[in-house]
Every structure is written in C-alpha cells, then in structure tokens.
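Chains W and L, in that order, are what the protein sequence lines are. Per my numbering, the first sequence runs over residues 21 to 130. Per my numbering, the second sequence runs over residues 130 to 245.
These aren't lab readings, by the way, just hints derived from the structure by calculation. Everything numeric in this text was worked out from a predicted model, so none of it was measured.
With beta-carbon atoms standing in for the labels, derived distance ranges: (1) L/S187 <-> W/I85: 21 to 27 Å; (2) L/V203 <-> W/V47: 31 to 37 Å; (3) L/S134 <-> W/P59: 16 to 22 Å; (4) W/R100 <-> L/L225: 27 to 33 Å; (5) L/G180 <-> W/Q34: 45 to 51 Å; (6) L/S138 <-> W/G77: 27 to 33 Å; (7) L/G169 <-> W/E37: 23 to 29 Å; (8) W/H93 <-> L/T205: 36 to 42 Å; (9) W/L112 <-> L/V203: 28 to 34 Å; (10) L/R210 <-> W/I80: 45 to 51 Å.
Note that the Cβ used here is the ideal one computed from N, Cα and C, for glycine as well.
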Amino acid sequence: KNEVEQSPQNLTAQEGEFITINCSYSVGISALHWLQQHPGGGIVSLFMLSSGKKKHGRLIATINIQEKHSSLHITASHPRDSAVYICAVLGLDSYGKLTFGQGTILTVHP
Amino acid sequence: GAGVSQSPSNKVTEKGKDVELRCDPISGHTALYWYRQSLGQGLEFLIYFQGNSAPDKSGLPSDRFSAERTGESVSTLTIQRTQQEDSAVYLCASSLIAGDLTDTQYFGPGTRLTVL
Chain W
21 KNEVEQSPQN
31 LTAQEGEFIT
41 INCSYSVGIS
51 ALHWLQQHPG
61 GGIVSLFMLS
71 SGKKKHGRLI
81 ATINIQEKHS
91 SLHITASHPR
101 DSAVYICAVL
111 GLDSYGKLTF
121 GQGTILTVHP
Chain L
130 GAGVSQSPSN
140 KVTEKGKDVE
150 LRCDPISGHT
160 ALYWYRQSLG
170 QGLEFLIYFQ
180 GNSAPDKSGL
190 PSDRFSAERT
200 GESVSTLTIQ
210 RTQQEDSAVY
220 LCASSLIAGD
230 LTDTQYFGPG
240 TRLTVL
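Put together the whole structure using the sequences plus the hints.
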C-alpha cells in the first residue's frame, strides 16, 4: 500500500461544477503539498498545509491531521483547470523529501 | 526573477552510455531536489541537497546514479551505463531552506530522457 493515496484517479467534470480531490496518507507528516501538473509537464505548487484550510481564488485546500486526510476543492471549474493534481507529504524529520501520490487526472469539459 | 532551469530539455541516448543532467536553481535557494517521473508512474524522490551536501541519498535507484552540487548553485545528476528503465522525465526543484514548513518547492521544466 502506498503511503499516499489519492482518489479518484480520473475525474471528468462539466464546466462550472464543484470538484473535490481527496488525499489520504499513512505516515506522520509535518506538511502536505498540493501540486498541479499541466499537459506539457510543468509542475506548480498550489498549496502547502500543516493544518486547517487555505484558499486561493477558486481553489480551497483542507487538511485533517488526526484523520490523515486532505482535500482539494475547485469551485466553478473551468476547462483551464484540466491538469493532473498531485498530493505530496513531507514526512516528519524528512528534511524536504516529499512522498507523492499517484495523481488525479482532471478533465473539465466546456 | 528567473525560475528553476534544466538542461537539456530532451536527451536521447543509447543503452550503456553515460548522461549528465543539469539543474540551475533559483538564485539564493539553498535546498535542491531531484525527482523522476517515469511514463505512467507518479513522481519519485531521488536526492536532495542542503547547500552542497546531500544528507539523504536514499532515493537513488542504483549505484549508477550520482549527483553533485557545487557553489550552492548548479547541480548535476549523472547516470552511468544507462538502461532502458532509466527513461523518464527528471525534475529538479529548489526551495529557500529544506524542511521549512513555510517553504515552497519550485519545479523546473524537467529533462525528458529516452534510452534506446
């Protein structure tokens, strides 16, 4: 079993829909990252969380440390949100070594 | 300012040859990371540097892989006697300080390595 599990693996939505991507992990962490990888491969860091909730534009990320679970929400989805969304955890005492989930492929249709 | 850059962007090599992949981190970033992404696979940690030293080499897949960093700047990932299973996109990232909870990793565009 992977230390970081994402669901769903694939997600298709219509423009305007509310989207949720989930990430569960099995190890103690000091922080969790959500990354976005567009077709063409470039990776952008969206959020880093150690507790609570963060919001940036239409993106919201939450984390529950006790339940070892994080969610990434996209409100009013748009075709330009189509990308692979990757959850990654920073383990305790790992000094920057991220462990990655397999990614969620999101396709938003107009 | 300039982001993380990597060169070459694409590299095609023959099985058994050595390759060198280069990463230029963001100026002033003391931490540098190498990852790889094989076709259809997730991201995999290889090695990270804090300054010029590499405290964690646990992710290097075999002794054919090595990396160095000089001047707290450029890093080179070397793969000796390449094998077909080494084909992947090799990604570099940098951050201001490794392990800082407020620290974001900035990723380069990657080097796509194809071993024939």
